[in-house]
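Q: Using the hints, put the two standalone chains together into the complex.
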Amino acid sequence: DVKVTQSSRYLVKRTGEKVFLECVQDMDHENMFWYRQDPGLGLRLIYFSYDVKMKEKGDIPEGYSVSREKKERFSLILESASTNQTSMYLCASSKGGGTASTGELFFGEGSRLTVL
Amino acid sequence: AQSVSQHNHHVILSEAASLELGCNYSYGGTVNLFWYVQYPGQHLQLLLKYFSGDPLVKGIKGFEAEFIKSKFSFNLRKPSVQWSDTAEYFCAVIPYSGGYQKVTFGTGTKLQVIP
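Chains A and B, in that order, are what the protein sequence lines are. The first sequence begins at 569 in our numbering and counts up one residue at a time. The second sequence begins at 102 in our numbering and counts up one residue at a time.
Looking at chain B on its own, in the form it has when it is part of the complex (with noise of 0.2 Å):
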């Protein structure tokens, strides 16, 4: 079974540092990607995703994500937070294949920036 790893529990930045959260998942196949971020007293709602194509791949409010196959991950960035990013971030895989689709969510990663 798939597994997803997010390795910084609890981030704590200064505004106008630059953000990047790790993301590694065991899986050997073709796999989509998503980063989900979840704001205070919010549900849940895609930042970004990555399917095939571009390696790079943009999302909203300036966050990237890139997929390095050979090392696994699917690490987020983004060059300047704000403090408006504090909220908690997950990672999550699917398999690419027919059928149904089961999600594996990582940890989560709680992002507080502060003014």
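Chain A with its partners taken away, still in its complex shape (with noise of 0.2 Å):
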């Protein structure tokens, strides 16, 4: 069974703060997403990855930054804890671009974090 595992589940984290969110895949999937999902919003991108290294930003990356070393993991940062971060991070992978791929998201359980 496929499977994207975010780290932590829920987080209470102080205003000033520095947060990380990890996330591991193990479909070998080329592309990897950071989400917040916030109630009447829907999923807004933060950052995505579509390779070793590489990062891009998404729809609403200020304030966070991301970092992939290794294919299977994606970790997103808040380097400063505000309280307008108090969300819940989704995690998301999929298979790499190209006409093969169906662009099929596979997420995780989901990081809500709190931020006082």
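Rather than coming from a laboratory, the hints here were simulated on the basis of the structure. Don't be surprised by glycine CBs; every beta carbon is placed ideally from N, CA and C. Don't take every hint at face value.
Claimed, not checked - One-sided excerpt, in silico: chain A residues whose CB lies under 8 Å from chain B:
#, residue
1, Gly608
2, Leu609
3, Gly610
4, Leu611
5, Leu658
6, Gly671
7, Glu672
8, Leu673
9, Phe675
10, Glu677
11, Gly678
A: What follows is the structure, given as structure tokens:
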């Protein structure tokens, strides 16, 4: 069974703290993504990566950074957490691009971050 | 840039009622279309997908969706809902092209089925 694993299901942090969210996939997928999910706003793309050490900004990258040192692992970093970053964070992966790729995303369970 | 609209934000139905959730997208080219579902406390998972061919696609748990190109729509349907269909449903669009494919999601529709 394919799997995307997010390291933490629930986190509570204080304003200004550095936060690491980690994601690991076991499907040898080239593409990995970080979304945030907020009520009424759906899923918004923060960053994505289509290869090791490659990253691209999504729609809402401000206040976030990412790291992809290995193909299976994609980390989301909040350098200085703020209350408006309280949200559910979803990691996803998909098979690489090209016409053979379907674009189907496989999601992790999500990490609910609360910033006080 | 493409966008996806889901006009129903919250739908409440009784068991056995029929369901139709609207999804419209804005993109002039060829697209791949998806419906994802998120059951309470679970991760998002694929419900069904359309790439090409028959515009009426069938997914898991009795769901189906129809792609109407002229209307830029991909509405989700189920003839008779069950309490277990209570979930949040997301429509998603990917432009059909080589290279990286950016997925655009709608804002989601929460479905509540009353026993």
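Q: With reference to the structure, classify each hint as holding or not holding.
A: Each hint tested on the structure:
Annotation: interface hint on Gly608/A holds; nearest CB of chain B at approximately 6 Å, less than 8 Å. Interface hint at Leu609/A: satisfied, since its Cβ lies 6 Å from the closest Cβ of chain B, which is below the 8 Å cut-off. With 8 Å as the threshold, the beta carbon of Gly610/A comes within range of chain B, its nearest partner Cβ sitting at about 4 Å, so the hint holds. Against a cut-off of 8 Å between C-beta atoms, the interface hint on Leu611/A holds, since the closest Cβ of chain B lies about 4 Å away.
Hint on Leu658/A holds. Least Cβ distance to chain B is approximately 7 Å, under the 8 Å limit. A least Cβ separation of about 4 Å between Gly671/A and chain B falls short of the 8 Å threshold, and the interface hint therefore holds. Taken as an interface hint, Glu672/A checks out: its beta carbon lies about 6 Å from the nearest beta carbon of chain B, inside 8 Å. Proximity of Leu673/A to chain B holds as hinted, the smallest CB-CB distance being about 6 Å (cut-off 8 Å).
With 8 Å as the threshold, the beta carbon of Phe675/A comes within range of chain B, its nearest partner Cβ sitting at about 4 Å, so the hint holds. For Glu677/A, the interface hint holds, the least distance from its beta-carbon to any beta-carbon of chain B being 5 Å, beneath 8 Å. Taking 8 Å as the C-beta contact cut-off toward chain B, the hint placing Gly678/A at the interface holds, the least distance being around 6 Å.
Of the numbered hints given earlier, the model fails none.
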